[in-house]
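Q: Sequence:
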Amino acid sequence: MTGKNIRQIVSVLFILGLFGSAYASTQNVTVSPSATSVSAGSPVVLTVTHSTSDNCQDISGVGLKIFFNSSLLTFNSFANVYPSSFPISGDIPQDDSGNEDGDGATDKFVVIGWGDTLNEWPKPDDPGTVTLVTLNFTSNAEQFGTANVNIKIDTGSLADDCSGTPYTPIDSSAVITLSDTPPPVAANAAIFPDSVFQGTTIVTLTAEADATDAGSIAAGEYSRGVSAGAEGSGTPMNAQDGSFGGTAEVLTIYIDTSGITPGTYTYWVRAQDAGGNWGNAVSASLIVKPPLDAEPTFQAANIRFSSVSDTAMVSGEMITVYDACNSGSFLPLPAEGTLNRVTVTATDPESKALFFAEQGFSFSSLFWSRIRSGYAVGPSFVYARDIMAEYQQAMTDSNGDGLYFPDEDIPIVDELIIGRGGIPMSDTPIMGTVSPKQFLETGEMQAFVTAGPVTDEGDGISTVWAVITPPCYSAESLVTDVPLTLQEPDTDIYGAVLDGFSVNGVYTISIYAKDKMGYFCTEPVETYIIKTDGSDCADPDLNRDGGIDLKDAMIALKVLAGISVIDEIPGNYADLDIDVNSDDRIGMEEVLFILQVVAELR
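Residue numbering for the sequence shown is 4 to 605, as defined by the working numbering.
Honestly, the hints are just simulated from the structure, not real lab data.
Honestly, I wouldn't trust all of these hints.
To be verified - For lysine-lysine, the following DSS-like pairs were computed, each having C-alpha atoms within a straight-line distance of at most 27 Å: (1) Lys-155 - Lys-126; (2) Lys-355 - Lys-292; (3) Lys-554 - Lys-440.
Claimed, not checked - Quick list of the computed label-pair ranges, beta carbon to beta carbon: (4) Asp-536 - Pro-46: 52 to 62 Å; (5) Asp-259 - Gln-396: 14 to 24 Å; (6) Ala-108 - Asp-157: 16 to 26 Å.
All C-beta atoms in this analysis are idealised placements derived from N, C-alpha and C, irrespective of residue type, glycine included.
All chains should be built: construct the whole structure from the sequences, respecting the hints.
A: In structure tokens, the structure reads:
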């Protein structure tokens, strides 16, 4: 007799002598989900796991009998079978003539087993609970009712625990309800934006849910992982229209990505109908990218003082204005662990910053010109943001959460003054009218544009210039600035010949002015140059009905909201050439472009 067997016998005698057989170890199988509802003819997938109460890894294995009602369920196959040195599998259903499971409703069973000749099962690197097998059934068509699937450990294969005592078997069952209505169908899951930099963005997860054949949609949920979570275990989603109850709903939820580390993540969405049935799960992917390589120059403690005590001594708000490409990536950093910090960035995390060195024209120059004029931070931010909105998206965080929500952040700084405030003696330039929009004739590449009178009481005008935004503008497009010169003395009219109009579409000409004190005009004036015989750019006639109208705008808005438009856009989207800013998707740029065409601004 080996030393190991002697130790096991001694252990058994000791345990039984002190506590009795009520404390014997258990060998457990668990099936999940333990309850689910499916429609007739639908697949039923069950997962069986194994564990022991003493976490022993030196057992001989386990044998299972799976009992089911063959009038309601058809057994298809075993899948994802856990390995063993001599597996046992019988996937041909046998008659349960002796009612071995004690359930009169079940009439068939299949068998499967795992064994190890060296009593080294399960694998040493798989302690605790292991997944044994996936059971694949199909619910029989046109059959309704409740079907039990009973998983029983075959007592003939019952293993001993590590002390040599036979385990007490703990069996498991699942209840399958076969409904006469199909479950809701989820489709077209989408995340917008689907690629973000770490710690900067709230994304929107949407999916369509249809219960036309099953009544109405009652709920939706999402989960994140390699596969969808168990039915009912996810995070609740909202109905886009504000309430559930329709036969079709768009499920939506905002997801804060600030705590998500870089990587690619799969989000799963499913819907539930009014009868409690959960439908299929559909997925969408989100890419979280590492922080930008070009980190802010003053990163360390993100505006660091010489000591912690110095930081505590600062009263009022600390204000950071950061004007650079991708500067929105800086937004969450100053918020970490410090109150009373206001951060203003010229762009979002993924956009370039427009800056004309000759005129000193940029988001920050506009912002500071308003600050110098005595305006508070909030109005100054809105002024600079709106002027630059065609080129870049400015952001601000005023409540310390590291995120930009205009309705929350801007009111906080509406009365926050930098310096002593007050209105300086210098006035800002005043812009007059601009020449009307022009249609270029065949072969024409130039247009003469004028603006004025451009005046400024007391200081005088320093510079007047035009910014030319081409059709299909994107961050990669070439935006040029051209100085306008005074046409005649004492007229205050400025003008210039603009060149390079080669692409079909509408060029926006925005004219700005700056006085000799460095103050910019309150707002630019705009005109438009329309080119009709150049190279093609994009055609936002989304439904291909021969015109660009509000129907096309509504289609674009549906795409943004995650609503399917497959029946409204003919053919393949990639072949339609409707992408106005070359980002390979329908976005807000396309919506604005269409609305400008409808309003005859393009």
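Q: Give a verdict on every hint.
A: Status of the hints after comparison with the structure:
no.	hint	in the structure
1	Lys-155 - Lys-126	22 Å, holds
2	Lys-355 - Lys-292	17 Å, holds
3	Lys-554 - Lys-440	26 Å, holds
4	Asp-536 - Pro-46: 52 to 62 Å	59 Å, holds
5	Asp-259 - Gln-396: 14 to 24 Å	19 Å, holds
6	Ala-108 - Asp-157: 16 to 26 Å	21 Å, holds
Figure legend: structure checked against the earlier numbered hints; every hint is met.
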